[in-house]
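Number of protein chains: 2
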Amino acid sequence: MPNDEFSLINDYFANRSARRSDVVIGIGDDGAVVKPMPEHDIVVVTDTLVEGVHFDKTTPPRAIGHKAVAVNLSDLAAMGAQPSWVSLALTCPNTNQDWWTEFSSGLDEICRYYDCQLIGGDTTKGPLTITVTAHGQLPSGTAISRSGAKPGDWVYVSGSLGDAGLGLQVTQNKVSTTGRHLQHVIEKLHYPTPRVAMGQVLRGVATSCIDVSDGLIADLGHLLNQAQVSAQIDLEKLPLSLALTETLNANEALAMALTAGDDYELCFTLPEEHRGRMETLTSHLKTKPVCIGRIMKGAEAKINMHYEGEPWELPQGYKSFNHFAEEEIVKEGE
Amino acid sequence: MPNDEFSLINDYFANRSARRSDVVIGIGDDGAVVKPMPEHDIVVVTDTLVEGVHFDKTTPPRAIGHKAVAVNLSDLAAMGAQPSWVSLALTCPNTNQDWWTEFSSGLDEICRYYDCQLIGGDTTKGPLTITVTAHGQLPSGTAISRSGAKPGDWVYVSGSLGDAGLGLQVTQNKVSTTGRHLQHVIEKLHYPTPRVAMGQVLRGVATSCIDVSDGLIADLGHLLNQAQVSAQIDLEKLPLSLALTETLNANEALAMALTAGDDYELCFTLPEEHRGRMETLTSHLKTKPVCIGRIMKGAEAKINMHYEGEPWELPQGYKSFNHFAEEEIVKEGE
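Same order as they appear, the protein sequences are chains A and B.
For the first sequence, full-length UniProt numbering assigns the number 1 to the initial residue and increments by one for each residue that follows.
For the second sequence, full-length UniProt numbering assigns the number 1 to the initial residue and increments by one for each residue that follows.
These are computed hints drawn from the structure, not numbers from a lab.
Keep in mind that the hints are not guaranteed to be accurate.
In this list, chains with the same sequence are indistinguishable; a pair is considered to hold if it fits within one copy or across any two.
DSSO-like, lysine-lysine: derived pairs with alpha carbons at most 30 Å apart [stated by the list, open to error]:
| no. | residue 1 | residue 2 |
| --- | --- | --- |
| 1 | Lys302 | Lys125 |
| 2 | Lys35 | Lys302 |
| 3 | Lys125 | Lys286 |
| 4 | Lys174 | Lys57 |
| 5 | Lys174 | Lys125 |
| 6 | Lys57 | Lys286 |
| 7 | Lys150 | Lys35 |
In this text the structure is predicted, and so the values were computed from the model without any measurement.
Chain A on its own, in the form it takes in the complex:
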């Protein structure tokens, strides 16, 4: 049956991606069968990318394949898990061989890099929507949740924020930047790097962790909400790239770093007594976490922002990202 659903999966996916010895049955059966490590928990994460929402028609298919996996590995990283297996549900209109080749290459490359294997999925016809479910493993009981922050803990981020948001504005022609920054911000937008190694290092060290997919204010807000604490953030410590600070004015750059999504850095909290251990453990990593503030008492989950000691507020027009915000869900009788 050439050119059909089954040969598409076989042609483009079955013989690619890293091979793991713990995959008993891979692509091509009713389901995949995997053998978990003894004394380990399984972490399961799911993220969907929709054309017109998370990317547009100009996004290279290779980037879509990369990003569909990367955003899930980023969630695994935030839990401290080691990536193991990936499932792909691809809803796709009729499309051409070049698209499938590029998309599957992007997906395959990141799977190989992180030694996780595509074990199965589903291909259906319809508007372009990509859902990846990724599975990771970690020693039983060591998952890092969103809820463990305590007053006095330090707040860290794993790398510079706002670049992907700037990249998005550049692709939408809302902002222009010079050539050397252009490539950097487009790469950050299209080929995010999940902080997989750092996440695993943080097990037993961080008290809570989240990946910054919807902007620092929104995602740090989740940590604070779940732990019923507040935070003070010193904005002058926020790691910002030259691309950001040389393209936007100081206030806009901060606002972008605080509210733009898609950076996929980790934001985590840490008690004073684990700072030395964290610094040792992360010293061999390419990126070094940066301390940006401290957890405070206050169940209202408030983020107090200061810039060099002065209170600072978001400029008008910036807000955090939310798919179903405001009046879009119609509740009857309201």
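With chain A held as given, fit chain B onto it using these hints.
Frame of chain A, contents of chain B only:
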């Protein structure tokens, strides 16, 4: 944040669905954490339902919620696994509270019935697309694959075929049926029953198994292809409902049973020496498997169909289901 993505998930899903003691972290973190049973393998299955392809605007949202889980549990059943955990990726246009209530109720009810827990997922805005990834468990090394059929094995199906296909034609006003059959075929279409108990009984008994989602010819064809064998099917043994045989003529009824999708019965193969064991093990189940033929030598995966000893061919105009069949994928240079 009322009415937003996070409260939608919490409002409609977080406090529903069965609670399992092996779920360490459920909905509301970057990922879910589950504790697999020792000495067990994990089975992972993924199926997507797309509006306009797998259901239409007239399909009740409760049925969509049910079916999105049912089709996945059917894949788990075909592997012999016990359902454990479910993830939901829901892409949805703006919609109203009634839709969410009905959809989540349908999903919740089937999860509770089969004691599996919704552990997380993703909600995005876009064209209505529902991807469920379900996880099951089985003792290590006991998964039933598609590839173990041997010449001489008997071929079974777990229940009557063609009813969901008839239901679809009725909803599309292509066929009409009487009141007492109408409800039966619509229920078979909208609320399929995954053969979860039968699948588990077949571990160590069946040599291969698949669920009939794309029609018996297509799905039995997969078993034959993977095992490089052929089959003889005795069509007079095919289990057909009264709804089917009283609505369609004899040839049309057989053709519907052989080619229509969405039945979610199991088709499996079994050596002679396991027949007695299988009959004992399935004697307490509500539906009893029916023997419809036998596996033959022949690597070309041919299905020889006979009706009371006479060769039988599909009437013109019937074909098996395939999303990307024929010229839809454009290969350059062809």
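Hints, verified against the model:
Taking CA atoms no more than 30 Å apart as the test, Lys302 paired with Lys125 passes between copies only; the shortest distance there is 28 Å, against 45 Å inside one copy. Proximity of Lys35 and Lys302 under a CA criterion of 30 Å is satisfied in neither setting, with 43 Å inside one chain copy and 34 Å between copies. Taking the closest pair of Cα atoms, Lys125 and Lys286 never come within 30 Å of each other, the shortest separation being 41 Å inside a single copy and 35 Å across copies. Within a single copy, Lys174 and Lys57 get their C-alpha atoms as close as 17 Å, which meets the 30 Å cut-off; across copies the closest is 37 Å, which misses it.
In this homomeric assembly, Lys174 and Lys125 come within 30 Å of each other (Cα to Cα) only across copies, at 23 Å, whereas the closest approach inside a single copy is 33 Å. For a Cα distance limit of 30 Å, the shortest separation of Lys57 from Lys286 qualifies neither inside one copy, at 33 Å, nor across copies, at 51 Å. In this homomeric assembly, Lys150 and Lys35 come within 30 Å of each other (Cα to Cα) only across copies, at 27 Å, whereas the closest approach inside a single copy is 36 Å.
Violated hints, listed in ascending order, are 2, 3 and 6; each of the other numbered hints is respected by the structure.
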